[in-house]
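Colleague: Please build the complex by placing chain Y on the supplied structure of chain L, with the hints as guidance.
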Amino acid sequence: MTMIFGIPVQAFMGQLLVGLINGSFYAMLSLGLAIIFGMLRIINFAHGAQYMLGAFVGYLLLTHFGIGYWPALILAPLIVGITGMIIERLALSRLYDLDHLYGLLFTFGLALVIEGVFRYYYGVSGQAYTPPPALTGAVNLGFMFLPVYRGWAVIASLVVCLGTWLLIEKTKLGSYLRAATENPTLVQAFGVNVPLLLTLTYGIGAALAGLAGIMAAPVYQVSPLMGSNLIIIVFAVVVVGGMGSILGAIVTGYLLGLAEGLTKVFYPEASNIVIFVIMAIVLLVRPAGLFGKDA
Amino acid sequence: MRLPLHRTAHQGIGFVPEERGIFATLSVEENLLLPPVVSKEGGMGLEEIFDLFPNLKERRNSSGTKLSGGEQQMLAIARMLRTGVRLLLLDEPTEGLAPVIVQRIGEVLRELKKRGMTVLLVEQNFHFARRIADRFYLMENGRVTASFPVSELDRRREALHETLGV
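For the record, the sequence lines run as chains L and Y.
113 is the number that our numbering gives to position 113 of the first sequence; each next residue is one higher, with no gaps.
1073 is the number that our numbering gives to position 73 of the second sequence; each next residue is one higher, with no gaps.
Rather than coming from a laboratory, the hints here were simulated on the basis of the structure.
Computed from a predicted structure; not experimentally measured.
There's no promise every hint is true.
Heads up, simulated DSS-like pairs for lysine-lysine below, C-alpha to C-alpha not over 25 Å straight-line [said to hold, decoys possible]:
#: 1; chain 1: Y; residue 1: Lys1066; chain 2: Y; residue 2: Lys1113
#: 2; chain 1: Y; residue 1: Lys1066; chain 2: L; residue 2: Lys293
#: 3; chain 1: Y; residue 1: Lys1057; chain 2: L; residue 2: Lys170
#: 4; chain 1: Y; residue 1: Lys1066; chain 2: L; residue 2: Lys170
#: 5; chain 1: Y; residue 1: Lys1114; chain 2: Y; residue 2: Lys1057
#: 6; chain 1: Y; residue 1: Lys1114; chain 2: Y; residue 2: Lys1040
#: 7; chain 1: L; residue 1: Lys170; chain 2: L; residue 2: Lys293
#: 8; chain 1: L; residue 1: Lys172; chain 2: Y; residue 2: Lys1040
#: 9; chain 1: Y; residue 1: Lys1113; chain 2: Y; residue 2: Lys1040
#: 10; chain 1: Y; residue 1: Lys1066; chain 2: L; residue 2: Lys172
#: 11; chain 1: L; residue 1: Lys172; chain 2: Y; residue 2: Lys1057
#: 12; chain 1: L; residue 1: Lys293; chain 2: L; residue 2: Lys172
Covered stretches of chain Y (chain L as the covering partner; in silico rule of three or more C-beta atoms under 8 Å from a C-beta of chain L) [claimed, not checked]:
#: 13; segment: 1015 to 1029
#: 14; segment: 1032 to 1045
#: 15; segment: 1090 to 1099
Ideal Cβ positions, reconstructed from N, Cα and C, are used throughout, including at glycine.
For reference, chain L alone in the conformation it holds in the complex:
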């Protein structure tokens, strides 16, 4: 059997793939968080709940309406995004003039309520979500078997991240977003409806979380707690990448996923804390994060 650093190639590649999968979800989630934080200056603690909501929308569409994975891939983010926009309009938009702490508290409370409701109805044990036939099975890459769905999830997340990045860096809407992040009042004085832009931004961020949720449903189990388990790691990713940095969130998401996977190979005992150790080191050396601008 071929070995890498004394580890069988299959095990090594397997863990690397798990790391890449986790990294894909870290990247998509921290991307949404970074966009919301950049524009609204709100630390969206409801992000984990919105991710869970995406998975549950997919699950409920399938079990109650027989609507499968592919339509759910559109519907779940749409529903979570619209719910997010309603929440922004009704509640978050009233908090912008207050201390940032209120936005954090509100979204944290909201996350607890949403998770509580789903726990009440569905319990904490996970529900399985079967991927569509086209994405089941595995392909032999020669050195390992790659489950098709996992390969799809990694590629789809790359496409989503790249697409979102292009939307922000290369389009007119993106230039409004970037400018309003710097100086919202002036952008509004130019005749841009900034309040609407804020609603839209929160909707996009929430929809990204919902999309990650439905994509995660076949990989992890659909459970009311799936979001809160993940959200702390995702916050660490955002901090390492640099608060509000879009590119930082994406790159750091994949890197930390891989770092976690590699740690599972070489020192499994540390795999649960390696991300937080990296966060601590980055905060000591570069407090603004890897991609953050020094304040």
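Modeller: Just chain Y, lined up with the frame of chain L:
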């Protein structure tokens, strides 16, 4: 009249803030294209603006804040011309700029006047303002204490020198 801020621009009012408000994360061209066109006729085209401000054309792809102070001021004014606003609010455009740049801004403002744009200029630099303006308003402690056309400038010279200390 109480309009949401994003509606004022659509009334044909453009604003150039004192700190110029050039966006660092946007290129010169993106800065220029940022404000939406607010009138049906539209404002100047990009080429026309680049004719008026040739150095902006050379630097269209560099980041907005890499420009010198004078270039940033030019960009802040140029940015408003594309939108077709009819009233331009200028907050101390000459502040901290070299005399040659101040002169250039004066030329631009005269050109805008010639094209029929109304400019409301708030300026501490009286020597600059008096060569451009048609009408003067003197403000003290936030209140307008005098208003007169340029023809009365000579007659009021003494009094002005006393109030402004120039």
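Colleague: Just to make sure I understand the rule, a stretch counts as covered if three or more of its residues have a C-beta closer than 8 Å to a C-beta of the chain. Does the segment 1015 to 1029 of chain Y meet that for chain L?
Modeller: holds (count 7)
Colleague: Do the alpha carbons of lysine 170/L and lysine 293/L lie within 25 Å of each other, as the hint requires?
Modeller: The hint holds at about 20 Å.
Colleague: Take a quick look at whether lysine 172/L and lysine 1040/Y sit within 25 Å of each other, Cα to Cα.
Modeller: Holds: lysine 172/L and lysine 1040/Y sit about 20 Å apart, inside 25 Å.
Colleague: Does lysine 1057/Y lie within 25 Å of lysine 1114/Y when you go C-alpha to C-alpha?
Modeller: holds (23 Å)
Colleague: For the pair supplied as a hint, lysine 1114/Y and lysine 1040/Y, is the alpha-carbon distance within the 25 Å limit?
Modeller: Distance ~21 Å between lysine 1114/Y and lysine 1040/Y Cα, so the pair holds.
Colleague: Within 25 Å, alpha carbon to alpha carbon, are lysine 293/L and lysine 172/L?
Modeller: holds (23 Å)
Colleague: Between the alpha carbons of lysine 1066/Y and lysine 1113/Y, is the straight-line distance 25 Å or under?
Modeller: violated (29 Å)
Colleague: Within a Cα-Cα threshold of 25 Å, do lysine 172/L and lysine 1057/Y meet the stated pairing?
Modeller: It holds: about 20 Å lies between the C-alpha atoms, which stays within 25 Å.
Colleague: Would you check the hint for lysine 1066/Y and lysine 172/L, treating anything up to 25 Å between C-alpha atoms as holding?
Modeller: holds (21 Å)
Colleague: So is the segment 1032 to 1045 of chain Y in contact with chain L by the C-beta rule, three or more residues under 8 Å, or is the coverage claim wrong?
Modeller: holds (count 5)
Colleague: With a cut-off of 25 Å on the C-alpha distance, tell me whether lysine 1057/Y and lysine 170/L pass.
Modeller: holds (20 Å)
Colleague: Keeping to a limit of 25 Å between CA atoms, is the pair of lysine 1066/Y and lysine 170/L held or broken?
Modeller: holds (20 Å)
Hint check: violations occur at hints 1 and 15; the rest are consistent with the structure.
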